[in-house]
Amino acid sequence: MKRLAFPFLLACSACQGPDVIYEVEYSGSVISDQTGAVELWFLHSQWGDDTLETSYMVIDTLWIDDASTFSGLLEVPQGTGSGLSVYGWQDLNGDGEHCRPGTEPELAGLASVTDYPNHVVEVELILDTACEGPEGI
Amino acid sequence: MISVALLSLVSLAQADESSWSSPAPGQFQIEAYSGFPWHGVKASYAPNSEVAVTGHIETARFRRLEYRLGIQKPWSLSERWSVLTSLSVGGVNQWGAVPRQGAQVGAELTISRSGRVEPYFSLHDRELFAIEAVETQSAEGDETTWSSTQYYSRGGSLGVRVPLREQICLDIALQGGFVDSSFAIPSFKLGLSWRTDS
Amino acid sequence: MSKSKCLMALAVLNIGATGCSDPQGVEYDGVVLQAVDMHLHTGEWSLIPPSTQQYLAERFPFPLNLIPEALSESALSAEGVVGQLDGAGYDLGVLFAVYAPHSVGIATNEYVISQIDEAPNRLYGLASLRVDQWESDEESELLALETALQHPSMIGIKLAHTHQHFRMDDPDYYSIYELAGELQTPVYLHTGASPFPGTLTDAPYTDPAYLEEAITSYPDTTFILGHVGYNFTKKELGSLETCLSLAATYDNVYLEPSALGSSGSDPTGENYREIFRRVHEEGLIHKIIYGSDGPQFPGFLASYTSRTVEAMLASGYTAEEAQMVLSGNFGAVFGVDL
Numbered sequence: 001m002k003r004l005a006f007p008f009l010l011a012c013s014a015c016q017g018p019d020v021i022y023e024v025e026y027s028g029s030v031i032s033d034q035t036g037a038v039e040l041w042f043l044h045s046q047w048g049d050d051t052l053e054t055s056y057m058v059i060d061t062l063w064i065d066d067a068s069t070f071s072g073l074l075e076v077p078q079g080t081g082s083g084l085s086v087y088g089w090q091d092l093n094g095d096g097e098h099c100r101p102g103t104e105p106e107l108a109g110l111a112s113v114t115d116y117p118n119h120v121v122e123v124e125l126i127l128d129t130a131c132e133g134p135e136g137i
Numbered sequence: 138m139i140s141v142a143l144l145s146l147v148s149l150a151q152a153d154e155s156s157w158s159s160p161a162p163g164q165f166q167i168e169a170y171s172g173f174p175w176h177g178v179k180a181s182y183a184p185n186s187e188v189a190v191t192g193h194i195e196t197a198r199f200r201r202l203e204y205r206l207g208i209q210k211p212w213s214l215s216e217r218w219s220v221l222t223s224l225s226v227g228g229v230n231q232w233g234a235v236p237r238q239g240a241q242v243g244a245e246l247t248i249s250r251s252g253r254v255e256p257y258f259s260l261h262d263r264e265l266f267a268i269e270a271v272e273t274q275s276a277e278g279d280e281t282t283w284s285s286t287q288y289y290s291r292g293g294s295l296g297v298r299v300p301l302r303e304q305i306c307l308d309i310a311l312q313g314g315f316v317d318s319s320f321a322i323p324s325f326k327l328g329l330s331w332r333t334d335s
Numbered sequence: 336m337s338k339s340k341c342l343m344a345l346a347v348l349n350i351g352a353t354g355c356s357d358p359q360g361v362e363y364d365g366v367v368l369q370a371v372d373m374h375l376h377t378g379e380w381s382l383i384p385p386s387t388q389q390y391l392a393e394r395f396p397f398p399l400n401l402i403p404e405a406l407s408e409s410a411l412s413a414e415g416v417v418g419q420l421d422g423a424g425y426d427l428g429v430l431f432a433v434y435a436p437h438s439v440g441i442a443t444n445e446y447v448i449s450q451i452d453e454a455p456n457r458l459y460g461l462a463s464l465r466v467d468q469w470e471s472d473e474e475s476e477l478l479a480l481e482t483a484l485q486h487p488s489m490i491g492i493k494l495a496h497t498h499q500h501f502r503m504d505d506p507d508y509y510s511i512y513e514l515a516g517e518l519q520t521p522v523y524l525h526t527g528a529s530p531f532p533g534t535l536t537d538a539p540y541t542d543p544a545y546l547e548e549a550i551t552s553y554p555d556t557t558f559i560l561g562h563v564g565y566n567f568t569k570k571e572l573g574s575l576e577t578c579l580s581l582a583a584t585y586d587n588v589y590l591e592p593s594a595l596g597s598s599g600s601d602p603t604g605e606n607y608r609e610i611f612r613r614v615h616e617e618g619l620i621h622k623i624i625y626g627s628d629g630p631q632f633p634g635f636l637a638s639y640t641s642r643t644v645e646a647m648l649a650s651g652y653t654a655e656e657a658q659m660v661l662s663g664n665f666g667a668v669f670g671v672d673l
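Residue numbers (the working numbering), protein chains in the order written: chain A, 1 to 137; chain B, 138 to 335; chain C, 336 to 673.
Since the hints were derived computationally from the structure, they do not count as laboratory data.
It is possible that part of the hints are untrue.
FRET-style restraints, in silico, Cβ to Cβ [unchecked claim]:
#: 1; chain 1: C; residue 1: Gly666; chain 2: B; residue 2: Pro256; range: 55 to 63 Å
#: 2; chain 1: B; residue 1: Asn185; chain 2: C; residue 2: Ser641; range: 54 to 62 Å
#: 3; chain 1: A; residue 1: Gly94; chain 2: C; residue 2: Thr653; range: 53 to 61 Å
#: 4; chain 1: C; residue 1: Glu414; chain 2: B; residue 2: Ser186; range: 29 to 37 Å
Backbone N, C-alpha and C fix where the C-beta goes; we use that ideal spot for every residue, glycine too.
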């Protein structure tokens with residue numbers, strides 16, 4: 001029954017192409033003068049077509065315990081995005097918010113993954129800019 | 138205005154009171170219909186008095202295509218009243234902002250009363266097993282995986298068949314319910330059926 | 336079947352969901368009040384990112400989800416918007432320009448002006464600008480914004496940090512507030528987490544507390560805190576108290592309660608009633624300007640008005656107070672004679 005079902009199901013799915021995911025094994029290090037957990041944002045460097053073309057579209061986010069080494073697997077949806085960048089900010093006071101008014105400035109940084117597209121990439125992220133998002137670095 | 142139109146249709150109705158819900162043994166029947174939002178063709182053939190086989194293809198706004206093969210069995214409740222049970226298997230392809238595709242199985246129950254006009258009421262349940270394919274490109278190579286999401290399309294129709302000639306019948310119906318587990322705006326159809334001699 | 340889907344079904348069957356052709360006003364506790372909707376959208380389907388197109392289409396009932404562009408462009412046209420204003424009893428509506436390519440798309444200043452010009456006695460507009468290439472384009476974008484504001488019906492500026500991906504506390508963008516102050520044109524800002532794909536939900540992009548530095552730095556600029564900090568992703572009050580505190584503390588801060596009171600964002604209406612209760616309790620009725628975030632779907636403006644009237648009645652707003660909310664505060668803040 002399964003042998004009969006599979007081609008039938010396949011035929012029903014033949015009209016529309018699959019969604020494509022580009023898998024990236026990443027490793028890297030975060031360099032900072034401060035201490036605290038770091039939130040990393042993995043971003044399409046460019047995203048969108050024509051009038052809607054813009055920069056820095058979030059793919060995924062990750063928390064690491066401190067400015068240290070990190071590694072993992074990133075699934076990058078293929079479509080209108082290109083390039084890969086990593087943004088990070090350090091949560092100095094542990095409140096989960098970046099530079100909440102009235103708190104100490106918390107460092108952030110942005111790095112472009114120069115050897116992307118590649119299934120294995122390395123990145124070094126230096127946190128040296130206070131209270132900025134990726135758009136401001 | 139509507140009552141005038143209905144009376145006009147009744148006046149056109151022929152005296153032939155054989156049911157149009159399913160072909161008679163040895164009879165081939167085909168219906169073409171249009172409306173909002175469905176347009177389609179359905180063909181039926183009854184090899185015997187027990188069952189009929191059906192083929193059905195329809196489209197909604199030319200962005201969703203449904204196709205199915207089925208079998209149906211008529212049950213006689215009385216001289217005039219009958220019930221038709223149907224099972225079908227087929228597929229769906231939908232394009233646009235909400236793409237969808239997959240296999241669909243369905244069941245339908247119709248109760249009708251034969252006569253100069255044939256009112257009918259039907260309930261249907263179709264279960265779509267939508268397939269999503271994901272191609273993952275990794276260092277080890279490319280791999281495609283499939284997952285499935287189930288959607289239901291349930292609802293009912295209230296209609297009337299008006300035999301215009303022995304071999305031609307008009308079908309008008311209103312339909313409502315759910316499509317792909319979401320509310321569907323009520324629809325209507327106007328169809329014309331033709332059948333061979335019984 | 337939800338009421339909104341019934342209304343859409345009726346509209347499609349053309350059984351007159353849009354009501355009378357002449358505005359009648361909004362009935363409140365037996366009194367007919369003049370009303371203005373300060374938050375309405377227009378635009379073109381093709382300038383919405385595909386992910387957001389899918390998000391929107393999935394919310395349309397079948398078969399409207401099959402060709403969503405047809406329904407969308409009909410509803411978002413000047414004719415569609417004015418039809419809904421008529422149906423809800425509104426005199427005026429304000430269309431928003433949007434430059435948010437990451438999330439909700441683009442409706443240019445020029446397009447908004449073209450729609451306003453189709454119904455100049457019924458529509459005003461808020462202009463906006465692109466901020467995603469700010470380092471290189473700041474000067475040209477500010478110039479284009481100022482040019483758009485020359486149109487007599489463009490009466491303010493619209494920003495949405497969560498949609499446009501720039502922080503509320505980033506001084507690089509304060510030149511927008513400076514321009515607004517010079518031109519004496521109010522700035523509307525989306526506050527609170529947005530449910531749309533491609534938005535940033537982190538605090539610096541959504542929490543109005545991050546706006547306080549700008550508010551104090553530009554006392555001549557009027558800041559309207561849109562959606563009063565509502566968290567649309569969790570359907571919670573979010574930063575409401577921060578918005579109330581800012582409005583109570585600073586003369587140049589106002590509030591706007593659009594979208595959050597819809598059946599989709601607040602199914603029981605409890606949150607919407609609480610917001611009006613708190614505004615009343617804090618003595619901030621003179622600070623709240625009504626908007627709906629329509630047109631969304633046929634009948635939405637009327638539906639949102641109904642929920643707003645109910646929320647105000649529940650908190651004991653007098654007819655005079657309701658009049659302030661529905662139009663008086665708009666006229667005072669935007670300098671529009673009503």
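Status of the hints after comparison with the structure:
At roughly 59 Å, the beta carbons of Gly666/C and Pro256/B sit within the given window of 55 to 63 Å. With their beta carbons about 59 Å apart, Asn185/B and Ser641/C fall inside the hinted range of 54 to 62 Å. Restraint check, Gly94/A to Thr653/C: a C-beta distance of roughly 47 Å breaks the suggested window 53 to 61 Å. Range check, Glu414/C to Ser186/B: Cβ separation about 58 Å, and the 29 to 37 Å hint is violated.
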